[in-house]
Amino acid sequence: MSATELLKTPLYALHLELGAKMVAFAGYEMPVNYPGGIIAEHKQCRDSAALFDVSHMGQLRLVGADAAAALESLVPVDVVDLPVGKQRYGFFTNSSGGILDDLMITRRHTPQGSDLFVIVNAACKDADIKHLVTHIGHRCNVQPLPDRALLALQGPKAATALSRLNPAVAKLTFMTGASFDIDGVSCFVTRSGYTGEDGFEISVPASDAEELARSLLALPEVKPAGLGARDTLRLEAGLCLYGHDINETTTPVEAALTWAIQKVRRAGGARAGGYPGAGVIDGQLATGAVNKRVGLVGLERMPVREGAKIVDAHGRGLGHVTSGTLAPTVNQPIAMAYLAANHALPSHEVYAEVRGKRVPMRVSAMPFAPHRYFRG
Amino acid sequence: MTTMYTPDHEWINIEDHEAATVGITLHAQDALGDVVFVDLPEVGRSFKKGEVAGVVESVKAAADIYMPVTGEIVEVNEALRADPSLANSDPLGNGWFFKVHVTDMAEFDQLMDGPAYDVLVKNS
Numbered sequence: 006m007s008a009t010e011l012l013k014t015p016l017y018a019l020h021l022e023l024g025a026k027m028v029a030f031a032g033y034e035m036p037v038n039y040p041g042g043i044i045a046e047h048k049q050c051r052d053s054a055a056l057f058d059v060s061h062m063g064q065l066r067l068v069g070a071d072a073a074a075a076l077e078s079l080v081p082v083d084v085v086d087l088p089v090g091k092q093r094y095g096f097f098t099n100s101s102g103g104i105l106d107d108l109m110i111t112r113r114h115t116p117q118g119s120d121l122f123v124i125v126n127a128a129c130k131d132a133d134i135k136h137l138v139t140h141i142g143h144r145c146n147v148q149p150l151p152d153r154a155l156l157a158l159q160g161p162k163a164a165t166a167l168s169r170l171n172p173a174v175a176k177l178t179f180m181t182g183a184s185f186d187i188d189g190v191s192c193f194v195t196r197s198g199y200t201g202e203d204g205f206e207i208s209v210p211a212s213d214a215e216e217l218a219r220s221l222l223a224l225p226e227v228k229p230a231g232l233g234a235r236d237t238l239r240l241e242a243g244l245c246l247y248g249h250d251i252n253e254t255t256t257p258v259e260a261a262l263t264w265a266i267q268k269v270r271r272a273g274g275a276r277a278g279g280y281p282g283a284g285v286i287d288g289q290l291a292t293g294a295v296n297k298r299v300g301l302v303g304l305e306r307m308p309v310r311e312g313a314k315i316v317d318a319h320g321r322g323l324g325h326v327t328s329g330t331l332a333p334t335v336n337q338p339i340a341m342a343y344l345a346a347n348h349a350l351p352s353h354e355v356y357a358e359v360r361g362k363r364v365p366m367r368v369s370a371m372p373f374a375p376h377r378y379f380r381g
Numbered sequence: 015m016t017t018m019y020t021p022d023h024e025w026i027n028i029e030d031h032e033a034a035t036v037g038i039t040l041h042a043q044d045a046l047g048d049v050v051f052v053d054l055p056e057v058g059r060s061f062k063k064g065e066v067a068g069v070v071e072s073v074k075a076a077a078d079i080y081m082p083v084t085g086e087i088v089e090v091n092e093a094l095r096a097d098p099s100l101a102n103s104d105p106l107g108n109g110w111f112f113k114v115h116v117t118d119m120a121e122f123d124q125l126m127d128g129p130a131y132d133v134l135v136k137n138s
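So the sequences go chain by chain: V and S. For the first sequence, position 308 matches number 313 in my numbering, and the numbering has no gaps at all. For the second sequence, position 98 matches number 112 in my numbering, and the numbering has no gaps at all.
No lab work stands behind these hints, which were simulated from the structure alone. Here the structure is a predicted model, which is why all the values come from computation and not from measurement. Think of the CB as a built atom: it goes at the ideal place given N, C-alpha and C, for glycine as much as any other residue. A portion of the hints provided could be inaccurate.
Distance condition first, Cα-Cα at most 30 Å in a straight line; then the derived DSS-like pairs of lysine-lysine [claimed, not checked]: (1) V:K228 x V:K26; (2) S:K62 x V:K314; (3) V:K91 x V:K228; (4) V:K135 x V:K91; (5) S:K63 x V:K362; (6) V:K13 x V:K228; (7) S:K74 x S:K62; (8) V:K13 x V:K48; (9) V:K13 x S:K74; (10) S:K63 x S:K136; (11) V:K268 x V:K176; (12) S:K63 x S:K74; (13) V:K26 x S:K136; (14) S:K74 x V:K26; (15) V:K362 x S:K74; (16) V:K176 x V:K48; (17) V:K228 x V:K48; (18) S:K74 x V:K314; (19) S:K62 x V:K362; (20) S:K74 x V:K228; (21) V:K26 x V:K13; (22) S:K136 x V:K13; (23) V:K48 x S:K74; (24) V:K26 x V:K48; (25) V:K228 x V:K176; (26) V:K91 x V:K268; (27) V:K135 x V:K268; (28) V:K362 x V:K314; (29) V:K91 x V:K176; (30) V:K13 x V:K135; (31) S:K62 x S:K136; (32) S:K74 x S:K136.
Stretches of chain S that chain V covers, calculated by requiring three or more beta carbons in the stretch to come under 8 Å of a beta carbon on chain V [as the list claims (entries may be wrong)]: (33) 41-52; (34) 62-74.
Simulated DEER-style distance windows between Cβ atoms [what the hints assert, rightly or not]: (35) S:T117 x V:G361: 20 to 28 Å; (36) S:A93 x V:Q337: 14 to 22 Å; (37) V:S78 x S:E65: 56 to 64 Å; (38) S:D30 x V:V28: 35 to 43 Å; (39) S:P129 x V:Q337: 39 to 47 Å.
Full structure from sequences and hints, please.
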């Protein structure tokens, strides 16, 4: 894709003004980092608050009395019982039980009752909207929201910072959301994110996004951060990146995401199955999967990256790395990998093959850096 | 000129041809971002011009370090191994990678001088 074909978010001019290094990502020209660099931005988020432009992500709403039940026909998640104001993580599955995309679902209060506000990955959004319209478009109204930007304010001081613009946001707890007037603009705010820290995601009209971003950046706790830091932060938090750690060939069981499949949707539950690949996923829930996503910590300094082969002490292949870096906060190499289930045990020692060398790594519980969500 | 440059954004200073110093350029460290790891060659090992002699890794990516000229590694920068961020903070000085005993001076003369390298960076 040439540079002229790349899309721009409403904050594009602001990114350039702030000196960002721009890269192509999911069809958008996005900031990978600002002049301070990825490590400084990562630490800013862990120590204070960082502002990310995630306007490339897909925002949409599902409207209609049957919307929740309809969405349940595409995801193995309890949407019907999701209370107004609550947010839940989920994924679209295919008939093999593989993951087509992962998403965040919030049931919002509306004058008519409620709607479902959904956020999906940038690279998948066109396919997701087509998938929704094709399969449930006759049961509810699928409304893409291309005129909205999305800002993520993340870090232990995010709540202090955002409260300066509207103290009411402090009442939100992790995985809840509501509408707030922020700096004179009506926004939909959830207390969630992709860094492992407390923080907010703010859906704002595109035309007001730059002004809001400037107001947030003017707060003493806040500095901008790019996609580079977003990636190292989410990896330390043990959160999957779609297209890397999960994809259409990995099931939620293999991906160790079974916590996101509520009992009511599992075999024997009141609304069991009824989504693509339910038979495969229920089967794996009962008997386990052959491979499993695990965390790995390097016992040497050498970073181990996506694609590295994992072998045992005899050089036999056990799996491969799907994400990896030298983690700024934990200050050692960390990675996610799919391993044969009998090797996917805590403290099990394996080797990553990097440039012909075998680098020792240890299977580790995730997150690598503790989550610090605000649960009230 | 005692310092020359390669199209791979490395510099080599040949003040002492028995121990010519090799590092990455300001442009290279800027493109890489925060350097977190370097894989340096073994002292005593010989490489031909263009062979991969080491690796420099930033948070985001790994990049090969190519031999700018044929020769034998006579010293590596242990300070850089201990603190890879020297490649960002002082790439032309304390952030050097290794020293090489140059055997074919003609190869050195084929590299870019400072002004030629500046043109390459400007057009990249």
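Here is what the structure says about each hint:
| no. | hint | verdict |
| --- | --- | --- |
| 1 | V:K228 x V:K26 | 15 Å, holds |
| 2 | S:K62 x V:K314 | 29 Å, holds |
| 3 | V:K91 x V:K228 | 28 Å, holds |
| 4 | V:K135 x V:K91 | 25 Å, holds |
| 5 | S:K63 x V:K362 | 23 Å, holds |
| 6 | V:K13 x V:K228 | 21 Å, holds |
| 7 | S:K74 x S:K62 | 28 Å, holds |
| 8 | V:K13 x V:K48 | 27 Å, holds |
| 9 | V:K13 x S:K74 | 22 Å, holds |
| 10 | S:K63 x S:K136 | 25 Å, holds |
| 11 | V:K268 x V:K176 | 29 Å, holds |
| 12 | S:K63 x S:K74 | 27 Å, holds |
| 13 | V:K26 x S:K136 | 16 Å, holds |
| 14 | S:K74 x V:K26 | 13 Å, holds |
| 15 | V:K362 x S:K74 | 20 Å, holds |
| 16 | V:K176 x V:K48 | 26 Å, holds |
| 17 | V:K228 x V:K48 | 11 Å, holds |
| 18 | S:K74 x V:K314 | 19 Å, holds |
| 19 | S:K62 x V:K362 | 21 Å, holds |
| 20 | S:K74 x V:K228 | 20 Å, holds |
| 21 | V:K26 x V:K13 | 14 Å, holds |
| 22 | S:K136 x V:K13 | 25 Å, holds |
| 23 | V:K48 x S:K74 | 16 Å, holds |
| 24 | V:K26 x V:K48 | 18 Å, holds |
| 25 | V:K228 x V:K176 | 23 Å, holds |
| 26 | V:K91 x V:K268 | 18 Å, holds |
| 27 | V:K135 x V:K268 | 29 Å, holds |
| 28 | V:K362 x V:K314 | 11 Å, holds |
| 29 | V:K91 x V:K176 | 13 Å, holds |
| 30 | V:K13 x V:K135 | 22 Å, holds |
| 31 | S:K62 x S:K136 | 29 Å, holds |
| 32 | S:K74 x S:K136 | 24 Å, holds |
| 33 | 41-52 | holds (count 4) |
| 34 | 62-74 | holds (count 5) |
| 35 | S:T117 x V:G361: 20 to 28 Å | 26 Å, holds |
| 36 | S:A93 x V:Q337: 14 to 22 Å | 21 Å, holds |
| 37 | V:S78 x S:E65: 56 to 64 Å | 57 Å, holds |
| 38 | S:D30 x V:V28: 35 to 43 Å | 40 Å, holds |
| 39 | S:P129 x V:Q337: 39 to 47 Å | 43 Å, holds |
Comparing the model with each earlier hint shows no violations; every hint is respected.
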